[in-house]
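Peer 1: Residue numbers (our numbering), protein chains in the order written: chain L, 246 to 514; chain X, 1455 to 1735.
There could be a bad hint or two in this list.
What the hints assert, rightly or not - Which residues of chain L face chain X? A partial, calculated answer using Cβ under 8 Å:
| id | residue |
| --- | --- |
| 1 | A332 |
| 2 | L401 |
| 3 | S447 |
As the list claims (entries may be wrong) - Residues from chain X that keep clear of chain L, each with C-beta distances beyond 12 Å, as calculated:
| id | residue |
| --- | --- |
| 4 | V1598 |
| 5 | V1641 |
| 6 | L1727 |
It is worth saying that the hints were derived from the structure and are not from the lab. All of these numbers come straight from a predicted model, not from anything done at the bench. In this text, a Cβ means the ideal position worked out from N, Cα and C, and glycines have one as well.
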Amino acid sequence: MWREVSRVMIAESLRLRRSRALVAGLVTYLAVVAMFYLTYHLLVRRSFTGIPTGFYLSGSVLSAAVTSLEFAMTLIVAFSVAREFSAGTIQQVWVRPLSRMSWLSGKLLTNVVVLKIWWVLTLVLVLLVAGVQLGFSDLMEKDYLIHSAGSMWWALLLTVALTTLALVAEIGIVAVCALIMGNPGGTIAVAVIARFILQLASNWDLLRPLVLPTYVSAPLGQFIAMAKGLPLPDGWGHLTRTCLIGSLAWILAGWLWASWIVKRKEVLN
Amino acid sequence: MLSGPGVYGFLGPNGAGKTTTIKLIAGLLNPTAGSVKIDGIDIAADPVDARRPLGIMMETPAFYNQLTGRENLQLFARLGGIGDSSSIEQLLARVGLTNKANERVSSYSRGMRQRLGLAAALLGDPRLVILDEPMNGLDPSGIVEMREWLAQMARQEGRAVLMSSHQMGEMERICDSFTIINRGAVVASGAAADLTQSRATVSLRVSDSETAANVLRSMPGISLVEIVGSDQLRAESAECSTGEINRFLVNHNIDVLEITTSTESLEEIFFRLVGRDSNVA
């Protein structure tokens, strides 16, 4: 199966090279960076109460960058899957000797990789800006007040890994919705509404550990707290376990749902 | 059931179920009853292996418009697990798109898309090629080329080609056998020669058409006798040769002045089986 998935990933990257969706991604990316400057210069600096480190600068923009980029990518994937049905290209794809699950998995993973490239580019840009504004030595500082630079780099890596896992689940579920609906507009509407409902649900203590946005916002929040030089509300070990189990459970549920749907899906047009 | 190389025609009026049948064979639709087997493999049970010998071009093939013709083929080849890029160049040359291969598909005419669709169907050198309305959008020279490609695929390359089309004349020229369906059911199927000669019309000029008609009605194997004029009549027969009819009439003291036989065209067979009000497609 993984050989088939890698075939799909190569084919999908061939398609994405010329995709307008990627251009939209670039625009989103630039918007995020612009937002960072606005946020940092106009709002955060005035009301800042923590310790001004380069990691703080990075952390403050990461939250906005990750949330907007991930949301944009969810929509792009939904559009990309549904578009195959509305444009009719799915007929060309599904008549090949290739399992439908491999196709879906390859498509999703390619988009996750693309998103993560944007993600890392954003991060690098943010760290560069932080380095220019506060000095690169700041990012290599051995002893901050509470957290060391080493632990913050480690926390940053963990945040990237945990949010990626949550993202795979989120994009997968949206892709199955796209498969069911087969039309880009409707799928995007469902994705936006679902995201809104989940975001609301994540504000309730009872539901927070169960909903997907938590597995993105919790590690990000933790990293930002570290970057501000504040004590951690929760241990990284506990947080990692919660996010891992939660994300994997959602991925498993999404996988089972996708397997069931994809077998029954018919190409009518 | 298709067995061995050849061009198999698939005919039926609009809504008869041709495209639905093709989609069932491709595994794009799930059968509510029965099964589709390719090389003995049930497509519902093992779609990946069942599709390996299969190449399909659906009616109005869709492509990624932002990609060029060559890139589209490269993408589909990847999906099909075909790493050999030289086969793509050969296919582009075969369908006459080499010069346009680096242009985006969004700029392609309908005929060019049909050609690219054929190339995409032939990726991976399939033994069974299914073409849904392959002549649509082709200009006269394109139709002639398509006819030559189909003949080449079946006779030189040993492929089985199943094609649906509404161009009866072309179908009659190209196909070795036909299946005609109506309202989801097969109404006729068989080799082209068997179908078109299944009902021969014999036109006769005789000394006395009324007596000859009565005599012919008593002849075994004659299904319909019609008087056209005082010395002319027409009879339909699937079994009797002109020699037998001539001998039979002469033995009954009727002079036969002229006798000719004509077979039914595919179009006539089609309309006889599905009715004149049906739209062919």
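Peer 1: For each hint, tell me whether it holds in the structure or not.
Peer 2: Right, here's what the structure says about each hint:
1. A332: 6 Å, holds
2. L401: At about 35 Å, which exceeds the 8 Å cut-off, the nearest Cβ of chain X leaves the hint on L401 of chain L violated.
3. S447: 37 Å, violated
4. V1598: 26 Å, holds
5. V1641: V1641 of chain X clear of chain L: closest Cβ-Cβ about 25 Å, beyond 12 Å.
6. L1727: 28 Å, holds
When each numbered hint is compared with the structure, violations occur for hints 2 and 3.
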